[in-house]
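*Asks:* For the record, in the sequence shown the residue sitting at position 651 is 651 according to our numbering, with numbers rising by one throughout.
Hints are computed from structural coordinates only; laboratory data are not their basis. From a predicted model like this one, the values you see are computed outputs, not experimental measurements. Treat the hints with care, as some may be off.
Pairs of lysine-lysine, DSS-like flavour, derived with a Cα cap of 30 Å [unchecked claim]:
hint, residue 1, residue 2
1, K548, K836
2, K655, K702
3, K487, K702
4, K836, K220
5, K63, K463
6, K655, K805
7, K959, K972
8, K248, K232
9, K648, K764
10, K335, K394
11, K63, K836
12, K234, K251
13, K338, K418
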Amino acid sequence: MSMDIQTNESKPEMEIDESLYSRQLYVLGAEAMKKMSASNVLIIGLKGLGCEIAKNVALAGVKSVTLYDPAPVTIQDLGTQFFLTENDLGKPRALATAARLSELNPYVAINHIDSEPNPEDFSNYKVIVVTETSIKKQFHYNQICRDLDVYYISAETHGLFSSVFNDFGDNFFVEDPTGESSLSGIVASIDNDVNGIVTCLDETRHGLEDGDYVTFSEVKGMESLNGCDPIKIKVWGPYSFSIGDTSKMDKYTGGGIFTQNPLKQAIENPDFLFTDFAKLDRPSLAHLSFRALHEFFENHQRFPLPADDSDYSEVLKIAHSINNSNQHKIDIDEKILKAISYQATGDLAPMNAVIGGFVAQEVLKACTGKFTPLNNYMYFDSLESLPTDFIPSKEECAQIGSRYDGQIAVFGKSFQEKIENYRQFLVGSGAIGCEMLKNWAMMGLATGEKGMIHVTDMDTIEKSNLNRQFLFRSYDVGKLKSEVASKAVISMNNKLEGKIKSYHDRVGVETEEIFDDDFFGSLDCVTNALDNMEARMYMDRRCVMFRKPLLESGTLGSKGNTQVVVPFLTESYSASRDPPEKSIPMCTLHNFPNAVEHTIQWARDRFHGFFFQPAENVNAFLTQPDYVENIVSRQGESVQIETFESIKQCLVDSKPENFSDCIKWARHTFDELFDHNIQQLLFNFPRDSLTNSGQLFWSPPKRAPTPIKFDPKNPTHVDFIVSAANIRASLYGITQSRDVDSISEAASHVESIPFTPKSGVVIKVNDSDPDAEPSNVVNVQSLISSLPSPSSFSNFRMIPSEFEKDDDKNFHIDFITATSNLRAQNYEISPADRFKTKQIAGKIIPAIATTTSVVSGLICLELYKILDKNHKIEDFKNGFINLALPFFAFSEPIAPETRDFNGTKVSDWDAIFIERDLTLQELIDEFEGTYKMEISMVTSGTTMLFSPFLSKKKAAERKSLKISELVSTISKKQIPSHTKYLVLVICCYDENDEDIDVPEIRVRIRA
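Input sequences plus hints: build the corresponding full structure.
*Replies:* Here it is as structure tokens:
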């Protein structure tokens, strides 16, 4: 065996690059990443599936990936193997792939071998992945891995059918089965009896299940529970559980937090992973069918040809022979078996994306013990993706010497033409968007004469994107995502040249001049690859308005979901919404935190209040002549006082002249936040104070705080001073300092301002309490008079610090971490490290390339169905996956809710089109004449055009105006020139005075 090391020699002790792996670290954790960085992986077979696996594993950050596939590159490989080009034809696949794979991750060594590895060489690898290889070879490799305790995975795809097999040996242990955070909760009481019933606070479900294990902390009285070994529990109800006999323990007196404690466990999974519960008999049939395919291959050294009945007859005989020899016989569905035989040479990019992402995650599980691996077999198919009226024939599915031959073998030449002439809009070119564009390039989407892909994304590329968004390279950082992604897929398939147009505009009302009526009218489908709900909802409204299919997806760590929206067939995306996330009550945030999430959010708010908003106020004051008058006329008195005081502080009272002044400000701020404010709170509510009902005020979930005195020897105290002083200096353009010792020394000599409690300070205990009046009455006019003249600061501007989580040199996360942990110390809350603080404060969504790959593949399998335009609702699949478990589930989309209108059933997809710009009176007459309904109210957006509250004179004036004139007159805005239709919402009642739910009215105002 010879080995050629291509590039990226990995180092034995690699430091984890958090700026690159940050999103993935929140999925896998640092320990798993360290194990991965010491793991070598061998991938055998480098067609489309092997390439997908290699791409995802390399992005994840293993120590090395070695490739073996000496077969020459063919034109058909280019239909799924995105690292190959026409210039590679005839070269060994592994050699041609290695160089481009090495570009993905500088920390991963990419090797290729040009001869079959010897059995003794297998011990150099932690995991061996075998793809698209004969069953005889698979048995051979698997046995070697068994003998050497090397983890083995094999996978293959045949058109719309696929298979995965895992063998991690007999003693593989899972360090973390699910990756879910341990549950925890606040204890309200613990009984001293044989059952030891633990009750949680009111309205706080514990979320535990029978057999879970918990530990305790901060329990008072029954203190032997604190730090105890994990205790197995039995659930008594949603708010209580039993921990067994506590009768011999001291009496519980208060406090306490329980924490779920998952144990390491060995794998106990069924032989088959069911991926679709609508196809419970499919895995057994697929297992038999794949065995028959491989026996056919052993006989002919090829798989059955597309739509070849002679080959299928032999496969059928083999299948019956195998079945008859099995102890447990199954019923053979010949329709399914024929489809598998017909598609045996099929090779589809979307299927490879699904299986490639899944297998890559299994590789990472083998390397780390993180998450539960597949135990033996998974079979997955998407037979529903075939065109509904498609009758495969040898002529239609035969090879034509095209890169799309693998897709033509499944769908035929005619359907390939449909794919090539499709017009698609991709919104977002981040992780999912990159994968989607790659899949489309491989499919040949929009490469035909009439085809076009539009892609928009306003974001630029950041280093943290490179771990998942594989179309980008380190030299692309700072460039526009949409432009770079478009160029990257053109290099994968040059037929996309001139067939993909990139934009850097957000989608919204403000860009409807770009993405106008004609634009949407030209589309066949819209695919969202978004990370925010507002844009998703907007695109859904546009798709409903223009009656366009919408493909929607999202990921969260190892979890993913897909949704397909088809006009008139399914409900729209907005029809079903997840409940909003629970927000932290303001009183909890300001005065009564009980979790580190509360202190982190509080620190984030302090950052905004210290370093961003005051600077914005100052700059507006200095540059806008009417700024003070506008604040006085538009804001309440409390906001006026807060705004003007912040300006006075920044420009007069506390304006620093040098870095020493910034240290002094940071030191006084420390005293205010962590000492004086806490003393004031305890002055208002002493530790022994009682509520009106006679209970202790400071009882769970409230925690009585303790003031903190500045200690220059405490690292957290010093971190606060260093970060606060430096960010303060940046606001004024003052030279910063990173000399921690000198800053700490200077802070220790700053004279503290003694605390004096204030009488009359009202502190809200509940959010429902009325707002307190200011304790010290401030005269707003006097405050305004004390502000300096803007002209005296003509050459001065502050530099606001907008929070940026991914710049480790700007002190932002350092400040929030120190501030949060000092606040946590005040309240005896367990602190969070910088890594966790960054995730919560930055609202970072955990992400990993494997999940993105699977989700994009599932979406493209649905796209095949949309392209056909004839599928029934039961053919479509909304998907839900969790690669950590692993888990796949699919559901039929929900049909749109309908209602009666004028004797017919209508849904949100329906609208009444009026093809001329008629007057309001003509609209009223139209409804009375055609529908026997009387219009009582008409609105357009937020503009009320007609209502029963109008005077007769005003109503008459409005009725005489055309709809376009009415909208522009009342809204006092010109209708944009790109708008062709105005959307009206009307209220009507019929002859029986019953309110009628009327579809939207769309009035054409321009041709």
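*Asks:* Are the hints correct? Go through all of them and say.
*Replies:* Comparing the hints with the structure gives:
For the hint linking K548 to K836, the alpha-carbon distance of about 41 Å lies beyond 30 Å, and the restraint is violated. Using a Cα cut-off of 30 Å, the hinted pair K655 and K702 is violated, with the two alpha carbons roughly 37 Å apart. Under the criterion of a C-alpha separation no larger than 30 Å, the hint pairing K487 with K702 is inconsistent with the structure, at around 56 Å. For the given pair, K836 sits about 28 Å from K220 by alpha-carbon distance, which is consistent with the 30 Å threshold.
For the proposed pair K63 and K463, the alpha carbon gap of about 20 Å is at most 30 Å, so the pair holds. For the hint linking K655 to K805, the alpha-carbon distance of about 27 Å falls within 30 Å, and the restraint holds. At roughly 17 Å between alpha-carbon atoms, K959 and K972 fall within 30 Å of each other, so this suggested pair holds. Between K248 and K232, the direct Cα distance comes to roughly 18 Å. Compliance with the 30 Å bound is thereby established for this hinted pair.
With a CA separation close to 27 Å, the supplied pair K648 and K764 stays within the 30 Å bound. At roughly 17 Å between alpha-carbon atoms, K335 and K394 fall within 30 Å of each other, so this suggested pair holds. Between the alpha carbons of K63 and K836 the distance comes to roughly 25 Å, so the proposed pair stays at or under 30 Å and holds. Our distance criterion of 30 Å between C-alpha atoms is met by K234 and K251, whose separation comes to about 21 Å.
In summary, the hint linking K338 to K418 is supported, as the alpha carbons are separated by about 25 Å, within the 30 Å threshold.
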